[in-house]
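Chains as they are written, first to last, in the UniProt record's numbering: chain H, 1 to 85; chain V, 1 to 85; chain E, 1 to 85; chain X, 1 to 85; chain S, 1 to 85; chain L, 1 to 85.
Worth flagging that the hints you see were computed from the coordinates, not collected in a lab.
There could be a bad hint or two in this list.
If chains are identical, the list can't say which one is meant, so a pair holds when it fits in one copy or spans any two.
[Said to hold, decoys possible] Below, simulated DSS-like cross-link-like pairs (lysine-lysine); rule was C-alpha separation at most 27 Å, straight line:
1) Lys71 <-> Lys42
2) Lys42 <-> Lys75
3) Lys42 <-> Lys76
4) Lys76 <-> Lys30
5) Lys30 <-> Lys75
6) Lys30 <-> Lys42
7) Lys71 <-> Lys30
As the structure is a computational prediction, the values presented were derived from the model and not from experiment.
There are 6 protein chains.
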Amino acid sequence: MPIVHITITREGSGPGRNAATAEEKAALIKGASQLLLDVLNKPLDATFVVIEEVELENFGWGGLPVPEFRKQLAKKSHGAPTAPE
Amino acid sequence: MPIVHITITREGSGPGRNAATAEEKAALIKGASQLLLDVLNKPLDATFVVIEEVELENFGWGGLPVPEFRKQLAKKSHGAPTAPE
Amino acid sequence: MPIVHITITREGSGPGRNAATAEEKAALIKGASQLLLDVLNKPLDATFVVIEEVELENFGWGGLPVPEFRKQLAKKSHGAPTAPE
Amino acid sequence: MPIVHITITREGSGPGRNAATAEEKAALIKGASQLLLDVLNKPLDATFVVIEEVELENFGWGGLPVPEFRKQLAKKSHGAPTAPE
Amino acid sequence: MPIVHITITREGSGPGRNAATAEEKAALIKGASQLLLDVLNKPLDATFVVIEEVELENFGWGGLPVPEFRKQLAKKSHGAPTAPE
Amino acid sequence: MPIVHITITREGSGPGRNAATAEEKAALIKGASQLLLDVLNKPLDATFVVIEEVELENFGWGGLPVPEFRKQLAKKSHGAPTAPE
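Turn these sequences into a full structure, and let the hints steer you where they fit.
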C-alpha cells in the first residue's frame, strides 16, 4: 500500500526540453516502486506513484522563487576564486 | 476542520470526455463532505475538499505508468480462458 | 487509481472518546471508496484511502489553534442574543 | 528541513487578473520561509515552499464547489438586514 | 528541489518487528534521492525525502481497512485450487 | 480557502525541549494565516493550517537521514579552515 508522491519542478533535464519526458517519468515510477520492493518487500502492484510537476515560480528555496535562488547561488560561486563553475 | 484531498487521473468517465466533468467534481465534493458529517458529525462548513487531477503518464501502478499497467492487465485477462473481458 | 487523503483532528466524536474509533475509520474508508465508484466508476480495488489524524494544537483555523478558535466562536454565539447555542 | 505547501485557488486578487501574480507568489515564498526562521530558527536555505494552484471547480467548501458556496454566502448576507454587502 | 513523500503502513517487514527500522528508512531515503539524481540529474543535496507512517487501521484498500482487505485476499486465494498460498 | 501544510522535524528549538511548543505552533498558525491575508487578501477564517511533525529519522536530505546529514555538514565545516563553527 505504499504511496510515493514525487514533487518536481517543471523544467527540462537537457537542452531543447521544457519538462520531464514520458521516459523519465516512467523511470521514476519504476525506480520508486522497485525501491519499496527491495527495502520493505512491498509487491509492485501494491505501490502507487504520483508525479506532481510544479512551475518554477511556484517553488521556493532560500526564501526566493527557484529561478532567483539559482541566480544567487551562481553569483556566490563566481565570486569564490576556488570554486568556479 | 477535515480536509479531503482526492487525487484522480485526468481522463473521462465515458466516451467523448477527457476529464472529470464539473458535475462529477461537484458530486465528489458533496459526497466527501456529507461523509464527514455522517461519520464524524463534522458540519459541512468545516470541511474543505481539494480535487487534484494528474496526467495519466504521471501516475504509476505496478511499477508502470497507468496506460502501460492497464495494457498489461488486459493482456493477462485475455490469456486466461476462464476470465475473458 | 484514486487516492483519498482525509485529514482530521485527533478527538472523539462523543463523550468518553478521544479519537476516531476503528469503526468510524472503517466507515470513512468504505464511504470514500464507494464515492469514487459511484461518481467516476472506479473499482473499489483501485482506490487507496489514507486517514491522517492531527493533534488539535497542530490544526489552525481563523489564525488560531482549533481549541482557541472554537472558544472564540462560542463567545460570539453567546454574545449574539438572536443566536444562542 | 521544513516544507511549506500552500494550496490556493487559481483566481486573481483583483480586477484584470485571473491568477496569483509572480510577485504575489514570491511574497508567499519569502513570508513563509521567514516565518520558519522567526518561530523555529530554521535557516532560509533549509526551507522549501511549494505553491499549488487549484481550479475553482476543484475546490469545495460547505459541500459545494467554491463558486456555488460563495453565491450561497452572498445570498445569506443579502437576506440579513443588519449585514448587507 | 524534488520532494519525495513516501507513505507506508506502520508494520514490520519481518517477524519480531512492528515498524520499519531506522536502517530501512535510511535505505528508502538513499534510494529515493539517488533515483532523482540518476533520472533527472538532481543533486542529492537538492532533494528532501519525508517518510510518513500510517497505522494499519488508517489505511484503506478495496473499501476496507488494510487488515480486513488482506484477510479477504487470503480467503480468495485459498478458495482457488490452482493458487494456494 | 487556502490550506497551508507545514512539515517540520520533531525536535526542540532550544535546550530542554524535544518538540515545537504549543506557543511556537500557535505562532506558525497565526503567521501563515496572516501571510495569506496580507498577500492574497484571504480572510483569516478562510485559511486552514496543518502542522505535521516528522521524526528526525523519517526525514532525509542529501541522501541521508537528517541526523547523519547534519553530522556530515558539521564535519565539512570543521575541515574547512576558513569556515569554522
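Verification of the hints:
Taking CA atoms no more than 27 Å apart as the test, Lys71 paired with Lys42 passes between copies only; the shortest distance there is 17 Å, against 41 Å inside one copy. Taking identical chains as interchangeable, the C-alpha atoms of Lys42 and Lys75 lie at most 27 Å apart only when they sit on different chains, with a minimum of 20 Å there against 45 Å within one chain. With identical chains, the CA atoms of Lys42 and Lys76 are at most 27 Å apart between copies only, with a shortest distance of 20 Å across copies and 44 Å within one. Proximity of Lys76 and Lys30 under a CA criterion of 27 Å is satisfied inter-copy only: 20 Å between copies versus 37 Å inside one chain copy.
For the identical chains of this complex, Lys30 and Lys75 are inter-copy neighbours only, at 20 Å across copies versus 37 Å inside a copy, given an alpha-carbon limit of 27 Å. Taking the closest pair of Cα atoms, Lys30 and Lys42 come within 27 Å of each other both inside a single copy (13 Å) and across two copies (17 Å). For the homomeric pair Lys71 and Lys30, the shortest alpha-carbon distance between copies (16 Å) is at most 27 Å, but the shortest distance inside one copy (33 Å) is not.
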